[in-house]
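Chemist: Please build the complete structure, drawing on both the sequences and the hints.
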Amino acid sequence: MIEARQLTKSFGPQKILDGVDLRIESGESVAIIGRSGGGKSVLLKHLIALLQPDSGDVLIDGESIVRMDERQLLRIREKFGMVFQGAALFDSMTVAENVAFPLVRKKKKHTAAEIEKRVARALEVVDLSGVQKKNPAELSGGMRKRVGLARAIVYEPQILLYDEPTTGLDPIVSDSIDQLIIRVRDQFKVTSVVVTHDMRSARRVGNRVMLLHEKRIYAHGTPDDIFTSHDPVVRQFIDGVADAKETL
Amino acid sequence: MKSLADTWVGSWLVGLGRIAALAREATVSLLTLKVTWRDLLYQIYFIGIKSQSVVIITGAFTGMVLGAQTYFQFHKVKMDTATLAVVGVSMCSELGPVLTALMVAGRVGAAIAAEIGTMRVTEQIDALRTLATHPVDYLVVPRLLASTIALPLLTIESITIGIGASYLVGVYLLGIDPVYSWCNMLKYTGNIDLVFGLIKALVYGGIIALIGCYKGMTCGVGAQGVGRATTEAVVFSSITILITNFFLTLVLQRVAVMTL
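In order, the protein sequences belong to chains P and V.
Sequential numbering from 1 applies to the first sequence in this note's numbering.
Sequential numbering from 1 applies to the second sequence in this note's numbering.
Simulated from the structure, these hints should not be mistaken for lab results.
Keep in mind it's a predicted model, so treat the numbers as computed, not measured.
Don't be surprised by glycine CBs; every beta carbon is placed ideally from N, CA and C.
Please note that the accuracy of each hint is not assured.
[Unchecked claim] Label-pair distances were calculated between CB atoms; the ranges are:
no., chain 1, residue 1, chain 2, residue 2, range
1, P, Ile172, V, Ser53, 49 to 55 angstroms
2, V, Arg228, P, His110, 37 to 43 angstroms
3, V, Thr249, P, Thr111, 18 to 24 angstroms
4, V, Leu30, P, Gly221, 47 to 53 angstroms
5, P, Asp91, V, Val28, 25 to 31 angstroms
Modeler: As structure tokens, this is what we get:
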């Protein structure tokens with residue numbers, strides 16, 4: 001279970017999060033929507049302690065991770081997998097080495113044959129069999145995100161975090177990434193947290209949708225609740241209507 | 001009025017504290033043997049083997065010019081055969097370690113800062129952390145260990161090449177007596193000079209790797225941030241090496257006087 005309590009974060013004078021509360025149960029699939037630059041990625045990074053809040057708390061399975069040092073966090077992060085906006089593949093390694101990385105670094109040692117088998121299986125799940133020897137630079141944006149997902153699922157984590165998984169991809173590739181997120185969610189029974197501003201994607205991948213607005217969770221509910229809401233703020237975001245002053 | 005933390009003195013002190021914290025974290029990681037041998041060997045290859053040409057050229061020409069200049073002065077007082085002794089002492093205790101470290105700081109310090117800085121701006125360091133890998137274990141420790149192993153070896157190479165080149169210039173170009181020169185060099189260059197040089201090289205190896213890693217891990221956003229981190233890594237390493245050299249010379253001399 002993931003819980004955030006009164007999370008506050010500022011970068012210099014600019015406040016990004018102001019008293020964010022959220023609770024995500026094990027096995028849930030939550031889409032966090034909000035405007036670009038609204039603090040969605042910042043919130044996501046707090047859930048895995050890549051960023052530390054100015055105040056407030058984050059609990060993973062009831063354990064506070066806010067005051068943990070980097071070494072203590074290693075144990076907590078073994079529960080997580082994360083897919084980054086830009087994939088964040090290690091560019092000095094091949095695709096196979098990237099996907100194998102978490103297995104090679106694990107305390108529990110795997111044999112070379114076992115690693116090879118698990119890498120091949122993870123790549124098969126993301127429909128990328130046979131690209132093991134390629135370098136990340138040789139891959140398209142969509143392929144890079146798939147490899148990032150393969151790397152995140154190869155060690156079968158309990159929680160998967162996705163940071164803007166469909167940003168910068170064409171609608172067809174975006175659709176395939178959405179299907180992949182759903183497939184991974186159902187196949188591995190993981191808790192998924194997807195940060196996105198792609199409404200179609202949020203509706204498809206989330207069992208629950210949260211809207212981050214004005215530095216806090218403004219609304220949350222099932223996709224149907226959110227997408228049929230009459231609240232003007234929610235409606236404006238769902239319909240993609242800009243304020244008059246913003247269109248100037 | 002500006003607080004102390006906002007001044008350049010404040011930021012310099014904060015930087016120094018962070019480098020000390022990084023060194024402490026790296027030491028903890030080293031003591032718990034978290035280093036991966038494959039990464040260490042690659043870094044030794046990159047820092048040691050790939051720096052050969054730079055170190056050989058620096059050592060050779062420093063030795064040659066030092067030999068020639070010393071000869072020009074000593075020749076006036078008929079002390080030609082003391083030339084190689086001066087070159088030997090200078091190369092072993094000062095020029096060998098310092099010039100090797102400065103050249104390696106330019107080549108390796110910049111590369112370390114650029115590589116780690118690029119990893120930071122492309123979220124690869126965050127990815128490491130999400131994959132339950134401590135960035136210090138994976139990025140800093142192999143570089144730190146490799147640099148402290150490679151620098152003394154490169155310094156020995158630089159000293160050997162420098163003295164050899166000086167011998168060739170002195171004997172075959174300037175006409176110094178080879179036997180007397182060689183004997184004088186062995187007589188006046190003590191083992192302690194070489195030990196001083198190697199201790200210094202060890203320290204400089206640590207300085208280059210630590211500052212390079214620190215600048216990379218704390219670099220600003222974008223290409224400009226990486227560029228600035230690279231420049232600062234080279235400048236700060238070089239300045240730190242030169243300042244440390246002065247204090248290290250005084251301390252080592254004092255220790256030598258007390259123990260010998």
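Chemist: For every hint, state whether the structure bears it out.
Modeler: Hints and how they fare:
1. P/Ile172 with V/Ser53: 49 to 55 angstroms: Holds, at about 51 angstroms.
2. V/Arg228 with P/His110: 37 to 43 angstroms: holds, 41 angstroms
3. V/Thr249 with P/Thr111: 18 to 24 angstroms: Given about 52 angstroms between the Cβ atoms, the range is violated.
4. V/Leu30 with P/Gly221: 47 to 53 angstroms: At 51 angstroms between Cβs, range holds.
5. P/Asp91 with V/Val28: 25 to 31 angstroms: Once the Cβ atoms are compared, 29 angstroms apart, the range 25 to 31 angstroms for V/Val28 and P/Asp91 holds.
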